[in-house]
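Heads up: the sequence lines are chains A and B, in that order.
Going by my numbering, the residue at position 97 of the first sequence is 97; the numbering climbs one at a time, nothing skipped.
Going by my numbering, the residue at position 91 of the second sequence is 91; the numbering climbs one at a time, nothing skipped.
Incorrect hints may appear among the rest.
So these bits of chain B aren't anywhere near chain A, every CB distance computed over 12 Å [claimed, not checked]: (1) Asp321; (2) Gly402; (3) Arg454.
Straight-line alpha carbon distances no greater than 16 Å define the calculated EDC-like cross-link-like pairs of lysine to aspartate or glutamate that follow [unchecked claim]: (4) B/Lys489 to B/Glu177; (5) A/Lys274 to A/Asp312; (6) B/Lys117 to A/Glu85; (7) A/Lys79 to B/Glu81; (8) B/Lys106 to B/Glu93; (9) A/Lys21 to A/Glu85; (10) A/Lys79 to A/Asp26; (11) A/Lys448 to B/Asp517; (12) B/Lys117 to B/Glu93; (13) A/Lys4 to A/Asp420; (14) B/Lys165 to B/Asp521; (15) A/Lys79 to A/Glu49; (16) A/Lys457 to B/Asp521; (17) B/Lys381 to A/Asp101; (18) A/Lys4 to A/Glu433; (19) A/Lys39 to A/Glu49; (20) B/Lys165 to B/Asp517; (21) B/Lys489 to B/Asp32; (22) B/Lys381 to A/Asp132; (23) A/Lys21 to B/Asp121; (24) B/Lys489 to B/Asp178; (25) A/Lys457 to B/Glu177; (26) B/Lys106 to B/Asp54; (27) B/Lys330 to B/Glu262; (28) A/Lys79 to B/Glu43; (29) A/Lys463 to B/Asp517; (30) A/Lys39 to A/Glu50; (31) A/Lys40 to A/Glu50; (32) B/Lys117 to A/Glu91; (33) B/Lys330 to B/Asp190; (34) B/Lys489 to B/Asp198; (35) A/Lys21 to A/Asp101; (36) A/Lys10 to A/Glu451; (37) B/Lys330 to B/Glu261; (38) A/Lys457 to B/Asp511; (39) A/Lys463 to B/Glu262; (40) A/Lys273 to A/Asp312.
Bear in mind the hints are in silico, worked out from the structure with no lab data behind them.
All values derive from a computational prediction rather than experimental measurement.
Every residue gets a Cβ at the ideal spot worked out from N, C-alpha and C, and that includes glycine.
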Amino acid sequence: MPEKYHIQTKPIPPRRPRIGKYGIVDWREDCCRCHNCVKKACVYDRHREEAGYIHDMKDVDALFFDCMGCFSCVQNCTKALLSLEVNPIYEALGNSYWTPDIIQTTWMQAETAKIPVSGAGYRGPFSGPGFDSMWTDMSEIVRPTRDGIHGREYISTSVDLGRKRPFLAFEGQALMDSDGPLVSLPMPLIIDMASPDHTLPELDPLFRETAARTGLIAIMDSCAWPFAETYLPHVAFHLHPDGPELPRDVLNQTRLIELPDGPDVLKRIAAIKKDCPHLVVSIKVMLGAGGSQRAIELANLPAIEMLHIAADPNGNEIGVSQPRFIKDILRETHVALIESGTRDQVTLMSSGGIALAEHMAKAIICGADLVAMSLPLMIALECQLCHSCEPGMHCPAQLESINTAYGVGRMTNLVSAWHDQLVEVMGAMGMREARRLRGDVGRGMFFKELEEDTFGKLFGTRK
Amino acid sequence: MANCSVQENNLKDVLPENTLKTRVPQTQVSRDIRPAPSRYRNEISKTIIRRSHDCTKCGRCVEVCPHGVHVKKPGYKYFAEPCLDLCIGTACETTDHFCVAHCPQKALRLVENPAMKVLGDCRWTADMMLATWKMAETGDIPPAEYGYEYECGNSGGGFDRLRFKYPDKLAVAVRPEDVDTSIELNRTGDSRPQVKIDVPWYGGGMSFGSVSNVTQLSKARVAVAWNTFTCSGEGGYMERLRPYDDHVITQIATGLFGVREETIQRVPIVEFKYAQGAKPGLGGHLLGEKNTVSVAKMREAMLGISLFSPFPFHSVYSIEDHMKHIDWIKHINRRALVSSKVSTPTDVDMVAIGSYAAGTHIVHLDGGYGGTGAAPDIAKKNIAMPIEYAIAKVHGFLKAEGARDDVTLIASGGIRNAHDIAKAIALGADGVVIGTSELIALGCVRCTRCSAGRGCPRGIATTDPTLQTQMDIEWGTQRLINLYNAWRKEFIQILCRLGLRSVGELCGRTDLLMHLDYTNDLEHKS
């Protein structure tokens, strides 16, 4: 029996005061000091916790916002003195893409390693831009599956990076391997290089350790090679043309390497392949103007075995007046590669806009083999996306003083929670392998198509 | 009982006695409307009135307010807390009894309640929740002066963007008393009973363990009062439901918790739950904390462990297998109708026609945004299509296959009020199943903590013995009876405005709908 992919986790509480969504405002001057004060009846004992919190409070700017929002005390107070409010600090978190809800659910997953669960049905909008304009499918009666919740141990989330054969080939009686080197990852996720806007160099060792602990790979700048040491199998260096040349023994221990796209990219690939044929070489294409077309051109070249197409942090094309979202670019690229008959010969990795576990599944349905992300890991470290990661600037998450146990533990918890969620949606879809999910748009339902099929037939043209 | 429309007399010769009728005396519940005010001291309102220290307690506000908002008890110097839920807010500003204008000390101010920003979400807006509470309290449609915008939510799609095209003038006016809101649940033409319910909806399955006894019994009693149904859910059939057997649907899910031949024989409808909207494809999951002594006993399980209903039925991998399931139930209970509850995959139309072919009486579609209990967020948001698409898709497909008139199509998953019901029926459903609305009527604020710690802090979805005592059965029943009455009134109003006399006349009438995001010019083009 092959070894099962399992990530060891344990709860890691936050270092900073929690930024919850709700808080109770209390107009104490009119309080009549009831002996049966509603605060004593709080099911979650939050009022007592608040008193203790204020007693021990170290940071004057961090009030207690951990109310569960049940309104029980608000509605039962004899003098109606209590009022439930949304925490203004919570509302100011993130931006329009990285919403406070996304940040808070990421914090919860990083703390507990658990899948977010809540009651009372779905509370969000009907659909939305980006990944919110699609749903994932499930199988039922006429397309049954044994991959349901109790068959999850049979679901494989592993993927292979590199060139695959489009058909079976034999050498004598033996099945031939792939055309080149392959890197297997236990889940379709790579830890990307974080933008300098959101990280500090001190955190690099934590990313490497997290990659090793989760069996993944972290992309690092090539300047970091002297510090990678024992983590080399879990590091992929990003080689800038003007970066340092890596020693041969370092390259020999790594499995994957990334090059930025450029005019001489084919020469650079050839040079690397000549010295280190065991390496899978990924080319990073930034999705600026013409970026998607460039990605398709590169993917059709025989020398390219892996492409990393990178959108901006919100998943949009970069520097384009009417940017398209990464989901649509992935579908276009995937279809173009199928039409040219080269889809299996290149691995497609996408980054940008991957904020939740569902985005990983949806990007794969749209055509990616795997995704790369870094911002969610920063959020796991209690980053609030304030974009002021510079030495000397105040960091609300105090990223500069993170210790390894805390940082690696939180990031590992998050990766584990994402893995569990991927298994959940794959189980519902009846998919046993993440490899098979790639580009299977039949396992997705798209807002535009459903609208046309349903309401378009009834109500004419969508405005 | 008098209201029950299950016709049994002509079946005596062919059915075993034990399944012919229920074996315990059935309780009757009156559908009389009685006030059922909030069980909380401070009901949430759209606006609040602030009283400053300039107040001289002259009592002028008490004198002028016809709604009884201001209260000064005899013998007391100070005012009691105002009954803000009775205040009509800004609509009062133009009247001659606006307390703020009458206050000689200018000590009163009318301000928006800050809680309105916290309450609700884009599917269940704060206004919609307040309106539901008002309906549950009074049994009537909320007066327009309260200013509740409750007909649609703010989700930006589906029901929230659909509107009825009411004609300016009707050829023949329809009187409310002429409108028939009943629907038949057995359209197959087989020898099984014709079951008719008085309103085009029934209560969804919430299992023993996921909600309190009081909640489940209140749902059962309102089903009796309105001659409709409630569903036991998958957590077993508690003995206290026996007096309401004639109005209970018992559910069979993969966990088979508490499912025995004897419980299947109690009821007129048996429901197979293949999937549910909250977590399509994931099965059911009762957290260990909610598996108390009584729940464990009912489910015949170990105390305190998490209980799963795994997905899918491992005995069903084809329509033929599904047919075997249905035949099993039909054999055990010869008077029962069979309902198949499925969620909404991309091929939901094939699932529906397959269920019909297997011999189901009711195809129950539970849309991806549905659900009341705890579920993974990733499932609630992403898995399976919203019910609005599924209804139209299935209705059209069944029609094209010539099977539409032979099966009852029930929709659920995001039905919040009478307008949603009417829209679902116009899209092609025969009726709907409701769940969250009933919980809201009982005082749910959608805090989403159904599964946290001891369970629902409002005492609705909990098995905690202390929390359950927050609500009693009489009050819960009356709130739901009132809600049903208000919905029925509103539903009749909609039909009258459309010039229709029955639910059947509305079914599939998409020509009466328009979508705010579309040109709606299809009929002109054709």
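The hints, checked one at a time:
Non-interface call for B/Asp321 relative to chain A: violated, since the shortest CB-CB distance, roughly 8 Å, does not exceed 12 Å. Listed as a non-interface residue, B/Gly402 keeps its Cβ farther than 12 Å from every Cβ of chain A; the least gap is roughly 19 Å. A beta-carbon of chain A comes within 12 Å of the beta-carbon of B/Arg454; the shortest separation is about 6 Å. Restraint check for B/Lys489 and B/Glu177: the C-alpha separation of about 10 Å stays at or below 16 Å, so the hint holds.
For a cut-off of 16 Å, the pair hint linking A/Lys274 to A/Asp312 is broken: about 33 Å separates their Cα positions. For the given pair, B/Lys117 sits about 8 Å from A/Glu85 by alpha-carbon distance, which is consistent with the 16 Å threshold. Between A/Lys79 and B/Glu81 the CA atoms are separated by roughly 7 Å; this keeps the pair inside 16 Å, and the hint holds. Between B/Lys106 and B/Glu93 the CA atoms are separated by roughly 14 Å; this keeps the pair inside 16 Å, and the hint holds.
For the hint linking A/Lys21 to A/Glu85, the alpha-carbon distance of about 8 Å falls within 16 Å, and the restraint holds. At most 16 Å may separate the alpha-carbon atoms for a hinted pair to count; A/Lys79 and A/Asp26 meet this at roughly 11 Å. About 12 Å separates the Cα atoms of A/Lys448 and B/Asp517, which keeps this hinted pair within 16 Å; it holds. Straight-line distance between C-alpha atoms of B/Lys117 and B/Glu93 comes to about 22 Å, which puts the hinted pair past the 16 Å bound.
For the given pair, A/Lys4 sits about 13 Å from A/Asp420 by alpha-carbon distance, which is consistent with the 16 Å threshold. Distance check on the hinted pair: B/Lys165 and B/Asp521 sit about 13 Å apart at the alpha-carbon level, within 16 Å; holds. Taking the CA atoms of A/Lys79 and A/Glu49, the gap is about 22 Å. The hint is violated against a cut of 16 Å. Our distance criterion of 16 Å between C-alpha atoms is met by A/Lys457 and B/Asp521, whose separation comes to about 11 Å.
For the suggested pair B/Lys381 and A/Asp101, the alpha carbons sit about 13 Å apart, so the restraint of at most 16 Å is met. Proximity of A/Lys4 to A/Glu433 is assessed by CA-CA distance (about 13 Å); at most 16 Å being required, the pair is judged to hold. Between A/Lys39 and A/Glu49 the alpha-carbon distance is near 11 Å, which keeps this suggested pair within the 16 Å criterion. Distance restraint check for B/Lys165 and B/Asp517: the Cα-Cα separation of roughly 15 Å lies within the 16 Å cut-off, and the hinted pair is therefore satisfied.
A C-alpha spacing of about 14 Å is found between B/Lys489 and B/Asp32, which places the hinted pair at or below 16 Å, so the restraint holds. Restraint check for B/Lys381 and A/Asp132: the C-alpha separation of about 9 Å stays at or below 16 Å, so the hint holds. Only pairs whose Cα atoms come within 16 Å are accepted, and A/Lys21 paired with B/Asp121 is accepted, the gap being roughly 14 Å. Using a Cα cut-off of 16 Å, the hinted pair B/Lys489 and B/Asp178 holds, with the two alpha carbons roughly 12 Å apart.
Taking the CA atoms of A/Lys457 and B/Glu177, the gap is about 35 Å. The hint is violated against a cut of 16 Å. Our distance criterion of 16 Å between C-alpha atoms is met by B/Lys106 and B/Asp54, whose separation comes to about 8 Å. Taken as a hint, the B/Lys330 and B/Glu262 pair is honoured in the structure, with Cα atoms around 13 Å apart against an allowance of 16 Å. In summary, the hint linking A/Lys79 to B/Glu43 is supported, as the alpha carbons are separated by about 13 Å, within the 16 Å threshold.
For a cut-off of 16 Å, the pair hint linking A/Lys463 to B/Asp517 stands: about 6 Å separates their Cα positions. For a cut-off of 16 Å, the pair hint linking A/Lys39 to A/Glu50 stands: about 11 Å separates their Cα positions. A hinted pair counts as satisfied when its Cα atoms are at most 16 Å apart, and A/Lys40 with A/Glu50 qualifies at roughly 12 Å. Distance hint between B/Lys117 and A/Glu91 is fulfilled; the C-alpha atoms sit about 12 Å from each other, no more than 16 Å.
Pair hint B/Lys330 plus B/Asp190 holds up; C-alpha atoms about 12 Å apart against a cutoff of 16 Å. The suggested pairing of B/Lys489 with B/Asp198 holds, with an alpha-carbon distance near 13 Å, which does not exceed 16 Å. Taking the CA atoms of A/Lys21 and A/Asp101, the gap is about 9 Å. The hint holds against a cut of 16 Å. Distance restraint check for A/Lys10 and A/Glu451: the Cα-Cα separation of roughly 44 Å exceeds the 16 Å cut-off, and the hinted pair is therefore not satisfied.
Restraint check for B/Lys330 and B/Glu261: the C-alpha separation of about 11 Å stays at or below 16 Å, so the hint holds. For the hint linking A/Lys457 to B/Asp511, the alpha-carbon distance of about 11 Å falls within 16 Å, and the restraint holds. Under the criterion of a C-alpha separation no larger than 16 Å, the hint pairing A/Lys463 with B/Glu262 is inconsistent with the structure, at around 56 Å. As the CA atoms of A/Lys273 and A/Asp312 are separated by approximately 30 Å, the hinted pair breaks the 16 Å bound.
In this structure, the earlier hints numbered 1, 3, 5, 12, 15, 25, 36, 39 and 40 are contradicted, and the remaining ones agree with it.
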